[in-house]
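Participant: The primary structure of each chain is shown beneath.
There are 2 protein chains.
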Amino acid sequence: MQRHFDLELDKLKKQLLEMSKLVEKAISASLEALEKLDAVLAENVVRSDRAIDELENALDERCLDLLALQQPMAGDLRFIAMSMKISTDLERMADLAVDIAQRVMELAGKPLLKPLVDIPKLAELAKRMTAEALLAFVEKDADAAAGIIMMDREADRLRNLIQKELLEDFMAKDSSVISRAMPLLLIARHLERICDHATNIAEDVIYMVRADIVKHHPERLNPE
Amino acid sequence: MQRHFDLELDKLKKQLLEMSKLVEKAISASLEALEKLDAVLAENVVRSDRAIDELENALDERCLDLLALQQPMAGDLRFIAMSMKISTDLERMADLAVDIAQRVMELAGKPLLKPLVDIPKLAELAKRMTAEALLAFVEKDADAAAGIIMMDREADRLRNLIQKELLEDFMAKDSSVISRAMPLLLIARHLERICDHATNIAEDVIYMVRADIVKHHPERLNPE
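Respectively, the protein sequence lines represent chains A and B. Going by my numbering, the first sequence opens with residue 10, and the numbers climb by one from there. Going by my numbering, the second sequence opens with residue 10, and the numbers climb by one from there.
Bound-form chain A, shown alone (with noise of 0.2 angstroms):
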């Protein structure tokens, strides 16, 4: 029986790396999209959002039915309980490349205001932050979840230098650039908020391993 329920929370967990794995596709296609000024692949990011709704909701199914048939207790029942918040934020990830892509759609046919630089930065941290988060709730590791939110630092600067040039050296002294500088600018807080759900995700692993600990090594909190 204890056999059976392993195997399936690894199915479980499999399904969330795949999972991110289609985010992470996502925020790659979108950005693409974007260098490439390419409305057909910004389409194709907002049609590709359905498959990750039927994941989150496959998830959702099977983390009920595990809690349902197989009634587990403590440290189980609270990584399956926060494997559907993690779902959640999965999908609104995913929603953000679908924001992304719509900007890059009020983009194309228009020339790019200038060349990107601190933008492909910023979705590449955000790829590595939603992976490294996975990761670290798979692995119940709470050392690599801190290190997680201590990237969301850098998203922050990135994204306040990218609101900064485009607000002050471009949208500031010519206001005919406008209708070029709001879409990035917005991509710049559409990637900023992806950062920011990898980084709860990562507060939720740390909260997840201290109950852990607080439930099976009270004493292990008061260290002297």
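It is worth saying that the hints were derived from the structure and are not from the lab. Check the hints yourself; a few may be wrong.
Any copy will do: because identical chains look the same in the list, a pair fits if it lies in one copy or spans two.
What the hints assert, rightly or not - Heads up, simulated SDA-like pairs for lysine to any residue below, C-alpha to C-alpha not over 25 angstroms straight-line:
# : residue 1 : residue 2
1 : Lys173    : Val55
2 : Lys130    : Asp165
3 : Lys173    : Glu52
4 : Lys173    : Asp183
Treat the numbers as computed from the prediction; the structure is a model and nothing was measured.
Chain B: place on chain A using the hints.
Facilitator: Frame of chain A; chain B shown alone:
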């Protein structure tokens, strides 16, 4: 035993409604701060966010205890699992009220760009959608939930109206007003995201009610 469980479920519902009241209060307070350009009021919104974070944790713990101790079945299990997802939505909605308050801090000290007309309308809609979504959830009312999803179109319309006016009538004509227009534009986006969360909750309600019907009354799915 069942009676005790029903009392516990009632407590959970009350806690969710209490949390949504705090979110509505945060939206009201951030809008009042905007209308008065009052940085102190805005700071209060930022500070009160802590209480909502703590309520999310308390609510999650209550759900985990209910799952562990009562081992609920089918409909109740789904309701408790959804409650944990909705507590996350509510916490994110409160974060968006904090985002609005931070935009107000950027605006404080400068004269308001224009009289506020559509932003207060959008804020009212956000509060109404929040209140009705939570009520639809605790009452498992799919019809009310469907009504909330319809309201989201009005939220999108208001957001687009605000954005278009600020971009075309103000920023494009006089780039010196950008620092007073941008925060208003972002506030409209924050409010619209709050409406999106309410819509997510409404979609969850419909999904939950439908799944209950499928599990308990499969014959109702094909009522020919």
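Participant: Check Lys173 against Val55 for me: Cα-Cα at most 25 angstroms, and say if that holds within a copy, between copies, both or neither.
Facilitator: Between copies only: 23 angstroms across chains, 29 angstroms inside a chain, cut-off 25 angstroms.
Participant: Given a CA cutoff of 25 angstroms, do Lys173 and Glu52 count as a within-copy pair, a between-copy pair, both, or neither?
Facilitator: Between. Shortest inter-copy distance 23 angstroms satisfies the 25 angstroms Cα cut-off; intra-copy 29 angstroms does not.
Participant: If the cut is 25 angstroms between Cα atoms, do Lys130 and Asp165 qualify within a copy, between copies, both or neither?
Facilitator: Intra 12 angstroms, inter 31 angstroms, cutoff 25 angstroms: intra-copy only.
Participant: Could you place Lys173 and Asp183 in one of the four classes (within, between, both, neither) given a Cα distance threshold of 25 angstroms?
Facilitator: both (15 angstroms within a copy, 18 angstroms between copies)
Figure legend: structure checked against the earlier numbered hints; every hint is met.
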